[in-house]
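**Student:** Top to bottom, those sequences are chains A and B. 399 is the number that numbering that gives the first Met the number 0 gives the last residue of the first sequence; the numbers go up by one with no jumps. 374 is the number that numbering that gives the first Met the number 0 gives the last residue of the second sequence; the numbers go up by one with no jumps.
Hints were generated in silico from the structure; no laboratory data involved. Warning: the hint list may mix true and false statements.
So, partial list: chain B residues that the calculated Cβ filter (under 10 Å) puts toward chain A [what the hints assert, rightly or not]:
| # | residue |
| --- | --- |
| 1 | V142 |
| 2 | Y198 |
| 3 | P271 |
| 4 | S307 |
| 5 | A308 |
Keep in mind it's a predicted model, so treat the numbers as computed, not measured. The beta carbon of each residue, even a glycine, is placed where N, CA and C say it ideally should be.
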Amino acid sequence: MNVTFSDEEIAFREEVKDFFRTRFPQDVIDKQRLGVPLQRDDMIRSQKSLHEQGWAGVNWPVEFGGTGWTPVQKYIFATEMAEANAPAIVPFGLSMVGPVIYSFGNDEQKQRFLPDILASDTWWCQGYSEPGSGSDLASLKTRADRDGEHYIVNGTKTWTTLGQHADWIFCLVRTSSDVARRQEGISFLLVDMRTKGVTVKPIITIEGDHEVNEVHFEDVRVPLENLVGEEGKGWTYGKVLLQHERTNIAGVARSKYRLKKLRAQAGEAIRGAEPLALDRNFMRKIAAVGVDIKALEYTELRTLAAVASGKAPGPESSILKLKGTDVQQALDALYVEAAGYYALPYVPDQYTLDAPGENHVGHGAETTTSLKYFNNRKASIYGGSNEIQKNIIAKHVLGL
Amino acid sequence: MNFSLNEEQMMLQDSVEKFIDNDYDFETRQKIAASDSGFSADVWRTFAELGWTAVPFAEDDGGFDGGAIEIMVIMQLFGRGLVVEPYLANIVLAGGILGRAANAEQKEKWLHPIIAGELQATLAFVEPQSRYDIANIATVAAVDGEAWRLNGNKGFVLNGGNAGLIIVPARSGGGQTDRDGITLFAVPADSKGITCNAYATVDGLRAAEITFEDVRVDAGAVLGEVGGGFAVLDAVIDEATLAVCAEAVGIMQVLRVKTLEYSKSRVQFGVPIGSFQVLQHRMVDMLTDCEQSVSLLLWATMVSASGSAEAKRAISAIKYQVGTAGRKVGQDAVQIHGAMGVSWELDIAHYFKRLTTIGQMFGNADWHLDKLATG
């Protein structure tokens with residue numbers, strides 16, 4: 000039992016550090032630091048730099064162009080990516096639909112879609128939730144009816160994150176109502192967003208940004224060849240995808256980085272104020288979140304170690320999303336607390352790559368703390384709300 | 000990065016597990032806890048025969064060269080078995096001091112009999128006014144010719160009524176809370192001037208209030224350097240803290256599993272109570288708390304075993320965790336068992352009491368959170 004890295008792992012860590020220092024777009028990292036919102040192009044350039052390095056498919060098997068990294072390498076990569084304050088990979092293509100296609104798609108689909116996903120040449124979005132189907136996802140009503148060589152899709156998908164940028168959408172659609180379990184009538188369908196009848200309507204979220212959308216389908220003709228796997232098995236494929244989503248959204252490395260930053264910030268005398276490090280109450284809250292994050296880090300490492308030794312991850316893996324979002328949101332709230340009054344000005348447009356103007360309000364990006372806090376309440380809602388996660392754990396892990 | 004035990008550690012685990020599962024059921028434990036001494040001499044002999052009393056000591060001293068990982072293995076299972084035998088007081092605390100500070104003659108005289116299971120011992124690290132500050136020592140050691148004279152009070156001395164040997168940290172210099180000026184003495188319990196008021200603790204173990212009134216010990220009783228005892232004391236208390244955390248995690252795991260089983264068998268309103276969502280979510284919280292605690296325990300144990308500078312913070316983190324999460328898991332286990340949970344007859348109540356006791360020892364959750372916040 001030990002917590003040391005091997006020489007190869009240490010060398011790998013240096014390689015990753017060096018990559019983020021030299022080959023990753025530095026202006027994107029600057030934007031992250033300065034609180035400047037990222038544009039579509041920023042995210043694509045970031046991911047393309049990873050692709051050029053061969054590091055876009057972190058979890059993908061080597062045969063499809065993935066890294067083939069060991070669990071420890073993945074952990075090191077995630078840690079260094081967070082330490083560099085590089086933006087997280089947009090998950091919809093690389094972490095979600097990609098794995099579904101290489102796991103369940105046919106050869107033609109693999110050849111057609113995977114290289115573009117890996118190179119970030121196509122932008123994907125997710126069509127799961129509907130206005131009437133949130134936690135009860137299996138009640139979804141978007142229909143795909145067969146008509147010769149096509150499905151005719153009708154319905155509405157919602158909360159479609161970054162759908163305004165997307166070229167393609169992967170959807171769960173109802174292909175049959177004549178089934179014993181309603182899950183059995185659901186299929187996994189890939190839809191070109193440029194197809195006639197697809198419209199995207201923005202939804203503005205709590206912090207005032209355009210991050211999510213409603214996507215309408217009106218008599219959209221989708222070729223049968225865009226069905227992944229078998230008709231009626233979409234629910235099963237979708238669940239696999241959610242499994243991927245669940246570990247990804249624990250975000251332990253990023254929480255660790257944010258905690259470190261917050262500790263450092265607490266030591267500073269901002270605007271001439273007494274450093275928060277002298278406020279015992281605040282420091283106790285930081286310490287308590289720190290314990291949670293350290294525990295989570297080791298929970299993740301235990302999961303990785305189990306996978307590395309060829310075992311199925313134990314029950315500890317199921318708590319990663321729950322606890323991961325818990326600590327993210329606790330950190331969000333602490334950042335707001337740290338900013339005091341200066342969490343409150345609503346001045347999102349003041350952040351640019353230029354030096355702060357005369358009228359810049361607040362120290363650095365501190366007015367964005369409340370926006371992040373409000374926005375990230377989503378973390379315990381998406382990917383199956385934390386209450387749904389608990390239902391799933393109760394059923395599948397505890398056998399209740 | 001490796002979370003597996005090595006072969007010897009697995010053998011140790013097997014051997015403790017077999018004993019707990021085969022020879023130490025709850026009824027046996029309760030009988031022992033209700034006996035005069037609060038522990039079984041037979042069981043203690045078995046521990047010695049199986050070599051468990053030798054685990055953390057150097058090979059030269061007749062030990063097995065074990066460390067934090069081996070102690071974790073033992074204590075986690077002792078938690079599962081709710082073991083009352085004074086392993087902590089004898090081996091981790093008293094033995095820990097002797098292994099670090101005693102000279103060859105002193106080891107021969109005291110450590111070897113402890114390892115052999117023939118001598119009961121303890122470390123008197125609490126004083127009535129000290130709360131969790133182990134440097135807060137009012138017991139005075141005054142030079143008396145070639146010897147020393149001890150005066151003062153020690154509180155909550157684990158295993159105090161059974162111990163033939165008491166290791167006494169006393170102030171030979173400095174102010175009451177100074178780290179310098181603390182000297183460790185090995186004091187035979189039958190020394191003249193010692194009064195021992197022994198009692199049972201809420202978890203079924205034993206402790207004592209011990210008064211030292213002009214107790215004379217010779218120079219051979221001094222363990223380590225005169226005035227330099229703090230570092231040894233501090234290191235041993237850290238080890239003991241980690242040891243009870245392992246025990247607490249073992250207890251939390253039992254409570255979680257037993258509560259889950261109970262919820263599947265207990266029928267109310269015509270259905271198992273485990274079918275109620277409000278209880279399901281509570282039991283998921285118990286799972287989360289247990290797994291997070293296991294993770295921190297592994298971290299703290301590994302950094303302690305490697306002698307890392309991070310060890311102290313890690314121990315504070317796991318102690319805070321078992322103090323907070325342990326309390327929650329214990330309370331939830333009792334709550335979901337309903338009135339049975341507060342019955343003396345059921346093991347759940349006794350696991351809960353031991354967990355509560357551990358929460359109060361070696362610094363409670365608040366105290367350790369403060370260390371993390373200000374350190």
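**Student:** Minimum Cβ distance from S307(B) to chain A below 10 Å?
**Tutor:** holds (8 Å)
**Student:** Regarding the hint that Y198(B) lies at the interface with chain A, is the smallest CB-CB distance below 10 Å?
**Tutor:** violated (34 Å)
**Student:** Minimum Cβ distance from V142(B) to chain A below 10 Å?
**Tutor:** Hint violated; V142(B) Cβ to chain A Cβ min 41 Å, cut 10 Å.
**Student:** Taking the closest Cβ pair, is P271(B) under 10 Å from chain A?
**Tutor:** holds (8 Å)
**Student:** Under 10 Å, Cβ to Cβ, is where A308(B) needs to be relative to chain A, so tell me if that hint holds or is violated.
**Tutor:** violated (13 Å)
The structure fails hints 1, 2 and 5 (numbered hints given earlier, in ascending order).
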